[in-house]
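**Q** One letter stands for each residue in the lines below.
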Amino acid sequence: MALPYFVPTSVQEAVDILADYGDDAKVIAGGTDLVVRMREGVLRPAALVDIERIPSLSFISLEDHRLRIGATATISTILESSEVQRCAPVLSEAARRIGAVQLRNRATIGGNLASAVPSADMAPPLLVLEALVHITGPSGERALPIDAFFIGPHQSALRPDEVLTFVDIPVLESGSGAAFVKFGRRSAQVIAVVNAAAWVRVQGGRIEEARIALGAVAPTPIRARNAEALLRGQEIRGELLEWAAHAAAEEARPITDFRGTLEYRRELCRVLVWRALEQALHRAMEGE
Amino acid sequence: MPFDLRFWVNGKEVHIEVEPDETLLWVLRERLQMTGTKVGCEAGDCGACTVLLDGRPVTSCLLLAPKAHGRHVVTIEGLGSPKRLHPLQQAFIDYGALQCGFCGPGMLLSAAALLAQNPHPTEAEVREAIAGNLCRCTGYQKIVQAILAASQRASREEIP
Amino acid sequence: MTVITRPVPPPVLEEVAEGAVGQRRCRHDALLQVTGQAMYGVDLRAPDMLWAKAVRSPYPHARIVRIDPARALSIPGVVDVVTARDIPYNRYGFTHEDQRVLADDRVRYVGEPVAVVAAETLRLAAEGAQQLIV
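Protein sequence lines, in the order shown, are assigned to chains A, B and C. Per my numbering, the very first residue in the first sequence carries number 1; after that it's consecutive. Per my numbering, the very first residue in the second sequence carries number 1001; after that it's consecutive. Per my numbering, the very first residue in the third sequence carries number 2001; after that it's consecutive.
Treat the hints loosely; a few may be bogus.
To be verified - Going by beta-carbon spacing under 7 Å, a handful of chain B positions derived as facing chain A: (1) Met1001; (2) Pro1020; (3) Asp1021; (4) Ala1043; (5) Thr1050; (6) Arg1056; (7) Pro1057; (8) Val1058; (9) Thr1059; (10) Leu1062; (11) Pro1066; (12) Gly1132.
Stated by the list, open to error - Label-pair ranges, simulated between beta-carbon atoms: (13) C/Tyr2059 - A/Gln203: 55 to 61 Å; (14) A/Pro4 - C/Glu2120: 21 to 27 Å; (15) A/Gly233 - C/Arg2056: 55 to 61 Å; (16) B/Arg1006 - C/Arg2045: 21 to 27 Å; (17) C/Asp2105 - B/Arg1006: 52 to 58 Å; (18) A/Arg86 - B/Leu1032: 40 to 46 Å; (19) B/Met1001 - C/Arg2027: 44 to 50 Å; (20) C/Arg2045 - A/Ala46: 31 to 37 Å; (21) A/Pro4 - B/Cys1100: 37 to 43 Å; (22) A/Glu40 - C/Ser2074: 20 to 26 Å; (23) A/Ala47 - C/Arg2027: 45 to 51 Å; (24) B/Glu1017 - C/Pro2060: 39 to 45 Å.
What the hints assert, rightly or not - From the derived model, a few chain B residues whose C-beta atoms are all more than 12 Å from chain A: (25) Val1014; (26) His1015; (27) Met1034; (28) His1120.
Hints were generated in silico from the structure; no laboratory data involved. All values derive from a computational prediction rather than experimental measurement. C-beta: ideal position from N, C-alpha, C; glycine also.
Given these sequences and hints, build the entire structure.
**A** Listed below in structure tokens is the structure:
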């Protein structure tokens, strides 16, 4: 079963190999999603393009108030990074809830996004931070706002001959705060039943701007824009969070599966969004 | 096409030809006859196949062999030696941490990596470090106690 | 994640009194377990051994209409396909022998083994299992 296995040392090389194979070659980084699907027989790639050894993909850098994380940065690296902790701690928070130590040492941020599973834990934080996803293909480089990246379950905007190269995140400014919450049937090593993230910017007792993202309750991770609109410009007061959480839960389109029923997931949305908003507000007000 | 794999296992250099879609778990158990690393779920969920890759615990069932190229792997066979047990191994014996023992190799390596990086962990940190190692027998209580005891007994032990 | 923050020191292993009762004992195989030397079923090897892969039901309750081993057996290196028909006494259990080794007319749970493919390597056995028509 001689599987062609390529170890390119540059993104261009990787793209050229992918282009040669048309639709049939697959990019592999950590392999924690791909190898499982290969073992199950769900995926039978004609070749593998291993991008783990491309030096330009495994960085974390801070420049001009933008945090850039290379696609092959592992979840562990993100969790341990002081830049991420300082500039986008909501991402560290999400990283901590992914799998367990062994998984985090191999899984990458690029893989988590490219898998395009609705429950991807890196997605809600990146959605509320309005990150940009950078992609390189045969026709060059492009940058996509993250909410245009997810098309459907297991379907992202990545074409078969493209490589996700890095994620570009605006740094959290003072007066803003974000939080991530995940609910699963265990406390670790679990796919989210529902996950959520919230980001707020406050000024003088008012919410200037708010963003809410939900995962595992729609074909893709989503933003809850109606709920966000309810919060914009509002004076911070008790019932506000409840209304927003309720609105967000209504925007979710969950299904019933073996992890939970539609009704339970909707209820979880309400609870998790409330918690995420409360935590985000707390952090925003602390940093004002 | 076969892949020319060169890597280190427990400090010794190994050079073998592998199929790219062979996993490190397979290479260790079948090609190198090192059956200490166990086969569990083969999906990265149970941790029975845990080895250390450049000092970090990973599930070898999902690591395609070429990815180990040029890297250092430590298996249970490389933790301590029968004449000089690692403090964790001694603690697991003393505290009766294992019953059937199948989770043991993976559990010990995850714990060893924890102590190498955090010599005096809290109970919460121990539990988080072994969250990826499932045990069907014990309920984890004595495993956690053994790891805490080992951390208290030993000054930092180098892992090979 | 639930975080346990109260400090719980591990029990001190104090000396126990003379006599057999209350003596601390270690598992007879503890050393073998912690060094990875303990041999479990899946670790055993014999020369010229075959490898087996079970074919299991994806359905919780279904009738087995037909098992066709031809395609699996045509793979070089696949030696045999064993089904319920080949088992003289197809029952086992602890107190009541009411469980089948291999499902005969129907399957009763997801994962119930229906057939076993034997081959010269595990990879071939797995391939044979994929090619078995049930």
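**Q** Tell me, which hint numbers fail for this structure?
**A** none
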